[in-house]
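**Q** In full-length UniProt numbering, the protein residues as written are 1 to 324.
These aren't lab readings, by the way, just hints derived from the structure by calculation. Incorrect hints may appear among the rest.
Cβ pair distances, simulated, as ranges [to be verified]:
| hint | residue 1 | residue 2 | range |
| --- | --- | --- | --- |
| 1 | R172 | H132 | 25 to 35 Å |
| 2 | R274 | H132 | 12 to 22 Å |
| 3 | G98 | V65 | 18 to 28 Å |
| 4 | G98 | G49 | 21 to 31 Å |
| 5 | E133 | A68 | 23 to 33 Å |
| 6 | Q312 | R190 | 33 to 43 Å |
| 7 | R172 | S251 | 21 to 31 Å |
| 8 | G237 | R313 | 20 to 30 Å |
| 9 | E255 | Q312 | 17 to 27 Å |
| 10 | N193 | G90 | 27 to 37 Å |
| 11 | S251 | R105 | 34 to 44 Å |
Ideal placement from N, C-alpha and C gives every residue a C-beta, glycine not left out.
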Amino acid sequence: MANELQPEEGTTEVDEVVQPAVAEIPEQELPETDLTAPGKRPSGPFRVGDRVQLTDGKGRHYTIVLEANREYHTHKGGIVHNDLIGADEGSVVKSVNGTPYLALRPLLVDYVLSMPRGAQVIYPKDAAQIVHEGDVFPGARVLEAGAGSGALTCSLLRAVGPEGKVISYEVRDDHAEHAVRNVETFFGERPPNWELTIADLAEFDPEAHGGKVDRVVLDMLAPWDVLPAVSKALVPGGVLIVYVATVTQLSKVVEAMREQECWTEPRSWESIVRGWHVVGLAVRPEHRMQGHTAFLVSARRLAEGTVTPKPQRRAGKGSNTAAK
Numbered sequence: 001m002a003n004e005l006q007p008e009e010g011t012t013e014v015d016e017v018v019q020p021a022v023a024e025i026p027e028q029e030l031p032e033t034d035l036t037a038p039g040k041r042p043s044g045p046f047r048v049g050d051r052v053q054l055t056d057g058k059g060r061h062y063t064i065v066l067e068a069n070r071e072y073h074t075h076k077g078g079i080v081h082n083d084l085i086g087a088d089e090g091s092v093v094k095s096v097n098g099t100p101y102l103a104l105r106p107l108l109v110d111y112v113l114s115m116p117r118g119a120q121v122i123y124p125k126d127a128a129q130i131v132h133e134g135d136v137f138p139g140a141r142v143l144e145a146g147a148g149s150g151a152l153t154c155s156l157l158r159a160v161g162p163e164g165k166v167i168s169y170e171v172r173d174d175h176a177e178h179a180v181r182n183v184e185t186f187f188g189e190r191p192p193n194w195e196l197t198i199a200d201l202a203e204f205d206p207e208a209h210g211g212k213v214d215r216v217v218l219d220m221l222a223p224w225d226v227l228p229a230v231s232k233a234l235v236p237g238g239v240l241i242v243y244v245a246t247v248t249q250l251s252k253v254v255e256a257m258r259e260q261e262c263w264t265e266p267r268s269w270e271s272i273v274r275g276w277h278v279v280g281l282a283v284r285p286e287h288r289m290q291g292h293t294a295f296l297v298s299a300r301r302l303a304e305g306t307v308t309p310k311p312q313r314r315a316g317k318g319s320n321t322a323a324k
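Make a model of the complete structure from these sequences and hints.
**A** Here you go:
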């Protein structure tokens, strides 16, 4: 193994996930590695069954699953799995023709961006906002609709921990299949605290799922249609987060929440992420940025029988109505 991985000059970082191409090699004796409990993120040296992300000098990523006495083929030569098994994370492995690759276990963000998908995934920048702004805490009971490809589900399961629970509703069978496959692949098994129901959220019955929930996340075409069911499912003080893609959806769901009069005044925003190029004194914004992906709306459930206090708004310019 080499100690350094140098990017090639004049190249830009590009993500590229390639399905494993493997070949058998003569059997070798491998170093022993400790196994971790199923569903727990592994740490320490690489072991058989680990997902490993290999990064070349151009910043391209290749994901493989380690198997004993196997070889992964790239256009720069084969990489022997046994060279990785027992090695520490952050090691550099060379292909048979000497090309170096940095080896690390993929993070959740890496997995989300490369996972097979049926529905469009919620990108990491929005998932992070949902978990943080929704105050999704360890032990929380979270209801989400729809499950899509399972990207947000992975983030929610991570946030609630083994003592919490995530209840996912999805109306499409094909999307549910993608969600199950992706969640099980990431965690290594079906999380025992994840419940997936293929049905319309409008039919949600809290008693059938162990009672009301602490948080609700909606990612669907018409979230306003399920607000009556959501208001019954959420505990007083609980947080509702809505993810919508268009201005029309944003306007419609916010006005529907106001009409219900059982929510705090909805707050709406979007997040934009821009990377920076930093090499010596050459410091500038990247030419590409993660612009608009969606709008997020948050509000909290009021106590039963409480009516939303009317917000005080300044009258618009030229209006005959005095500011309240």
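**Q** Among the hints numbered above, which are violated by the structure, and what are their numbers in rising order?
**A** 5 and 6
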